[in-house]
Amino acid sequence: MDDSSVTAIDSYLAVLFLGDLMANATLSDLAESASISSPPSSMEIVKDRAFRGLTRGFAWLTVLVVFLVVFEVATKAMPAISAHGVSFLTSSTWDVQNEQFGVLPEIWGTLYSSLLALLIGGFFGVSIAIFLTQDFLPHQVEVAFKNIVELLAAIPSVVYGLWGIFVVIPMLRPFANWAHENLGWIPFFKTSLSGPGMLPAALVLSIMILPTVSAISRDALSNVPRKLKEAAFGLGATRWEAIIGVIVPTASTGIFGALVLGFGRALGETMALAMLVGNSNQMSISLFSPGNTLAALLANHFPEAGEREEPVLMYAALILLAITLLVNICGAFVLKHASARMRGGAK
Amino acid sequence: MIATPKVENDVLANGNGSLLLDCNIENLYYGNFRAVRDSHIPIHRGSITAFIGPSGCGKSSALRCLNRMNDLVRGFRFEGHVHFRGKDIYHSKVDPVAVRRYIGMVFQQPNPFAMSIYNNVAFGLRLNRYRGNIAEKVEKALRGAALWDEVKDKLKNSGLSLSGGQQQRLCIARAIATEPEVLLMDEPCSALDPIATRRIEDLMQELKENYTIAIVTHNLQQAKRVADRTAFMYVDTSGGGRTGYLVEFRDTDELFDSPQEDATKQYISGEFS
Amino acid sequence: MIATPKVENDVLANGNGSLLLDCNIENLYYGNFRAVRDSHIPIHRGSITAFIGPSGCGKSSALRCLNRMNDLVRGFRFEGHVHFRGKDIYHSKVDPVAVRRYIGMVFQQPNPFAMSIYNNVAFGLRLNRYRGNIAEKVEKALRGAALWDEVKDKLKNSGLSLSGGQQQRLCIARAIATEPEVLLMDEPCSALDPIATRRIEDLMQELKENYTIAIVTHNLQQAKRVADRTAFMYVDTSGGGRTGYLVEFRDTDELFDSPQEDATKQYISGEFS
Amino acid sequence: MNTAEISTEFGDVDFPRLERSLRHPRTLFSILLSIGTGVATVIACVPLFSVLIMLVYRGGKKLSLALFTELPPTAFEEGGGFGNAIVGTIVIVSIAAAIAIPAGILTAVFLAEFGPQSKTASVARFCAKTLTGLPSILAGVFAYAAIVLATGGYSAPAGGVALALLMLPTVILTAEESMRMVPVKMKEAAIGMGCTPTQVAWKIVLPTALPGILTGVMLAVARAAGETAPLLFTALFSNYWIFEDGSSQVMEPTASLAVFIYNFSGMPFENQIEMAWAASLILVLMVLSINIVGQIISSRAKVS
Amino acid sequence: SSSSGGGSGSSGQNVKLQGSGASFPAPLYGRWFKEYSSATEGVKVDYQAKGSGGGIKDFIGHTVDFAASDAAMNDSEIAQVDDGVVLLPMTAGSIVLAYNLAELKKPLVLSRDAYTKIFLGQISKWNDAAIAATNEGVDLPDLPVTVVRRADSSGTTFVFTNHLSAVSKDFADGPGVGKSVNWPESDKFIAAPKNDGVTATIMQTPGAIGYVEFGFAEQAKLPMATLENAAGKFIEPTLENATAALAGVEMPEDLRAWLPDPTGEGAYPIVSYTWLLCYEKYEDSAKADALKSLVKWCLHQGQESSAEMGYIPLPESVVATVTEKLESIK
Ligand SMILES: Nc1ncnc2c1ncn2[C@@H]1O[C@H](COP(=O)(O)OP(=O)(O)OP(=O)(O)O)[C@@H](O)[C@H]1O
Ligand SMILES: Nc1ncnc2c1ncn2[C@@H]1O[C@H](COP(=O)(O)OP(=O)(O)OP(=O)(O)O)[C@@H](O)[C@H]1O
Ligand SMILES: [Mg+2]
Ligand SMILES: [Mg+2]
Ligand SMILES: O=P([O-])([O-])[O-]
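Protein chains in written order, with the working numbering: chain A, 22 to 368; chain B, 50 to 322; chain C, 50 to 322; chain D, 39 to 342; chain E, 83 to 412.
Derived from the structure by calculation, the hints contain no laboratory data. One thing to keep in mind: the hints can contain errors.
Derived Cβ-Cβ restraints for the label pairs, each shown as a range [to be verified]:
(1) D:S336 - E:K378: 55 to 63 Å
(2) D:V94 - A:S103: 36 to 44 Å
(3) D:P221 - A:S103: 49 to 57 Å
(4) D:P140 - A:R247: 53 to 61 Å
(5) D:W279 - A:P191: 34 to 42 Å
(6) A:T114 - E:E362: 34 to 42 Å
(7) A:K68 - C:G290: 42 to 50 Å
Positions of the beta carbon are idealized from the N, C-alpha and C atoms, including for glycine.
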């Protein structure tokens, strides 16, 4: 974990950590009395070291927190891991009486609902971000819209859950029934919509991640240097040619980050999903079928879990954390390659 | 002290080409700030027109009027007209995108895209759905911008990996790749060394045969060397504001040899040996 | 064709001041790319030293060695030494922060802080815990940078609201406000008009009495006008790389009047009338 | 002349066509996309308005001063309020913010400024990203084990810790991102003047990045204020005031709007359900006002 | 040890009792505790409905002063509490089958066979013969039957599955008895959290049926099925019929009385007691005294509001037994 070795910026930092005050003293001896310049006082140096130490400490604190959470979850999950092992990932019953547990449908449901949400929320989020940064609207209106969208983040999940039940599902029902009857041969419309199910859950989920996605991509887009935009326009690009050809690619790492963050949020969302997904151990490609997610499973079972169920739930939680981890690893991998290509260091 | 704008009529009449771009800025505002007033600068086909004047006098603003780049600035307002081949490009029916397709631009600060050198140059060609040999055009443009030798082995590297001067030449290559009818250059050489500057200047002379060029420069020598006509702008600080205006616009030789206005004289005599 | 670096020993001995900054770049790398090699440039107290050469020859890189600005670039490696008053600033015990307090810098591209004009200039004073009248110093610095008249009524406006040229002058004002011992300037005038350039040049002459200045410029005239000594760098393209190196370093007059190296001659003769 | 040659090369007629015309595929494409995103933005606002209308319609009719001054009603009781839940939410979210905002920003400063390439940073960044996917319920479970069981009871600080855990990654990642966006040349200027890294961070990077940091903080606060699951395990709920008779019961179970909404929306009584809607409305209004304050702060900061 | 008592902190006299647990009696408890607290100087009682299992967990973890559960604690749970446990029945309630069939004018009548089959997933359409048999003259729709069940583990589920298992061997061998059981897998079995989640889902889903506590269905104005009881009679879910179910029950020594299938003629078939869980020993005697007086108040004054809120008041005999048992709290 020693990181003082490689990069120049680190050696730049390391100098202050290692350097003694002597060196500064000699330089200050050299200072002309006429000059306003003075070397950093020992106070400044102490403050600097202390502050950088502090930030490093907090960075490690973040690591520690995650470690503690994982540790806590993992130790509690241990009995279940040894009892159920890999079959936990591949079986699909949840029977507390007979102590048979499997989370395959939940894993499927988690990924399915989150991907759907990412697809919808990502599309709308990025569209909004573009719409609000590329001078489509007067500045005041942009700010107003931005606030409106960020307000979506302020609505408690329970309210989203209720909204889903009372507004979204009834609205979807006619469409779903029609799709099932006329397009039932398409796997997505294979079953009829009873009420709660994947589609309503994913729709509400996508609205819940919308503020995250749009706010962060908005920042990324508005930070694209103006001169790049001007260059594109100067070449006779239309607004959209500039956006698609130059602005979005330049902001792409930021937008991608926003999407990964949104996906993470979707994976972990609890209450609204518990109310809308149907909580049924089903694995179906159909959008209208009820399903279940890991987070909803936890929300429903954890508060009352007994000794037998708790380790199993912790095991499920561990899997959820692992999925999040995996998504982030993939995200980091893609980002690394994309930004390397953009910087064009190598061929 | 402050002279009123003075456009020599014979410039209009005796240009060595027909009037291509007739720029008449009555007022140019950024929000409430009037940046430029009363500047009439007719630009003739196949000529090079230089804009000179002290920093902040509105040279860039005037130049950016010519292809409606200022439309991107919030609060920008324009009173007057700019006629391109007799059509007012500020007419409400005109598409600024189409204008910029004919009137290209090179900026003061190098602004390559975060993509490969090749793609930077090919960008405009693709935009115009150019059907010919793109690689050929890219090479031609890079040669024209005196950059080919330095980048021919690393066309796939990012445009951002070049030095400042190289970046600026890349931007010039990008702009000339699509061979626009008019090329606006806002201090294109301010980040270049003399050799590269000379090559760009030579290039301008070549391009001038077929194209029309307007250039903003701080370098009076450069104006002298390349421009057929020169517009001298100055700042009017009377009344508290800092409004730029056209002092004098005439053939370069005349302007430098026998300036008519006091402001011009003073400015030119501050010229360096 | 490629000349080996040649440092006249008498320059070291006969400088009009004592040796203040002794820069000896053996090799300078960005990652695996060797950008500069074998350049020994001793800088004397109270003098102005100019770096000239074609774009990409490593002038900026060499200049940024002098106050360890390059430390910030990832992959940067330096072989050689830079002695400031006899102390190696690249010694592991030396604090680069302290170095930069004495060796100030003005960059190629204007980079004002996102704060008011006043605070931009006062920034360095506060940093150095200046106890005198800050407002006075700010005014002095702004006057020195030929910006006072234009901004005196809007000192509270953001530094970013100025035009490019104004921004650069603001940066110069910011750098000279703390009266550093050495001032490094990387093409400080490339965005300025001649009048402002002249004022900056005059300012350099004034500052030179107490301070030491190193300047990168593309403008050979400028080097001629202001510099006591000039370093000419060139690019060695043999072996596939593009490594910059010092061709010739001597008194400016000598360098321009009787260049010793072919490369220098060619470069200088490409000079504009 | 050459103009003609070029024009044909680019498939154009001799005379420039400057008029805006829908027959240009590029123009059409551009206009369609503009309309498309505009519509997408408006569509994305529909759910919000739908939720807001639902809130205003169902919660608005209950609005009265009593909501702020009275305690929650029981079954079949008319009137009542949720003043204690408002106070509790403020207390818990403040505790969470007091933990997460400094910790998050300091971490972000390290990630963006002091060691962006260091191993510490990549590990910490990775952990922060992992935390974003932490199901809120696990934050509650963790705080339950770490605080509730350790202190022997449900309390506001336990709730604060759980919410801080959820706020932390949002604050870290958005703050880091916006600090990275500070132009390198601006930082270079400061470094060139001899600023220590700390001074660069404090005087240049943080002020310049402030609007972006505030966006992240607002998102985080908004999320925390609306979280229910973690509070059920940590702060629980209370039907009494947290501050009363001059004494505070911070180490007692504490009411919060989110849990109030969760509890009351599920009760089979008309009055309770309406209360839940009113509480949702108030919660959203509270977050909105914090948002506005944040924006005012950031626009002030930008000017000076 | 419990530190959440307000007594530990502030001025001597003030006692705060914190409880948590079952959601089923929560509305009633909420009212009782508020009324008692405002009537009694220096005592504050608070209760948080998080579900029976959650209450028991809190109780074992000593993070509350008392808990409440629809399913009395079992022996292994009791063994985990060092301070001893006293289980006190406080009230009783019935569980109903609520449904959403807008077409029906009369309440649906379901035989034991019909409703066990529905919850075993063996009936897929509302116009199934098993349902039609007891609903003559009713035009049953050709709608799929969507079963809504509890997603969380819950005392309500325990009581309901306890009843179904007593009634049907298939059910006992299949899903069995528990706070959460392994329901049949089908896309027509939907789970929702808590009583209100189930209620709301039924309301929003045409063709849905589910089990909820009586009060929820009544307040939501959902129709409730008339069920066949052990005596073969079809009984509507009313308060009298539920009270009748409690009549014949013997209270055992530990007060853990189950009524999986009440036998009375007019007894509604799905009813249950709900318990308050108290420690035998409290460190703070003021707390013990406060708790005792609270329970006494609930057993007497409190019972008056039970019926009004849809709960079944305790029979006299049970009140007496509980009062006696109360004295074992120290
Ligand atoms: N986008 C803008 N918004 C507001 N004011 C502006 C804007 N651009 C320029 N200005 C102001 O308009 C005036 C003219 O600016 P302009 O950039 O045209 O000058 P210039 O002659 O090109 O100067 P320079 O030589 O420094 O580039 C200046 O006072 C400047 O501050
Ligand atoms: N940060 C960097 N990373 C990698 N290569 C760099 C970096 N900065 C400069 N270079 C390369 O080092 C060489 C020298 O660059 P430098 O900027 O010092 O040249 P210069 O003489 O100042 O050119 P110009 O006159 O264009 O500013 C160039 O080939 C450039 O591409
Ligand atoms: Mg300009
Ligand atoms: Mg340079
Ligand atoms: O009362 P329950 O929530 O356990 O059904």
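Evaluated hints:
1. For D:S336 and E:K378, the Cβ-Cβ distance of about 59 Å falls inside the hinted range of 55 to 63 Å, so the restraint holds.
2. At roughly 53 Å, the beta carbons of D:V94 and A:S103 sit outside the given window of 36 to 44 Å.
3. As the Cβ distance of D:P221 to A:S103 is approximately 54 Å, the hint placing it in 49 to 57 Å holds.
4. Roughly 33 Å separates the CB atoms of D:P140 and A:R247, a value that falls outside the hinted 53 to 61 Å.
5. Hint check: D:W279 to A:P191, Cβ distance near 39 Å, so the stated range 34 to 42 Å holds.
6. The supplied range of 34 to 42 Å is met by A:T114 and E:E362, whose beta-carbon atoms lie about 40 Å from each other.
7. At roughly 43 Å, the beta carbons of A:K68 and C:G290 sit within the given window of 42 to 50 Å.
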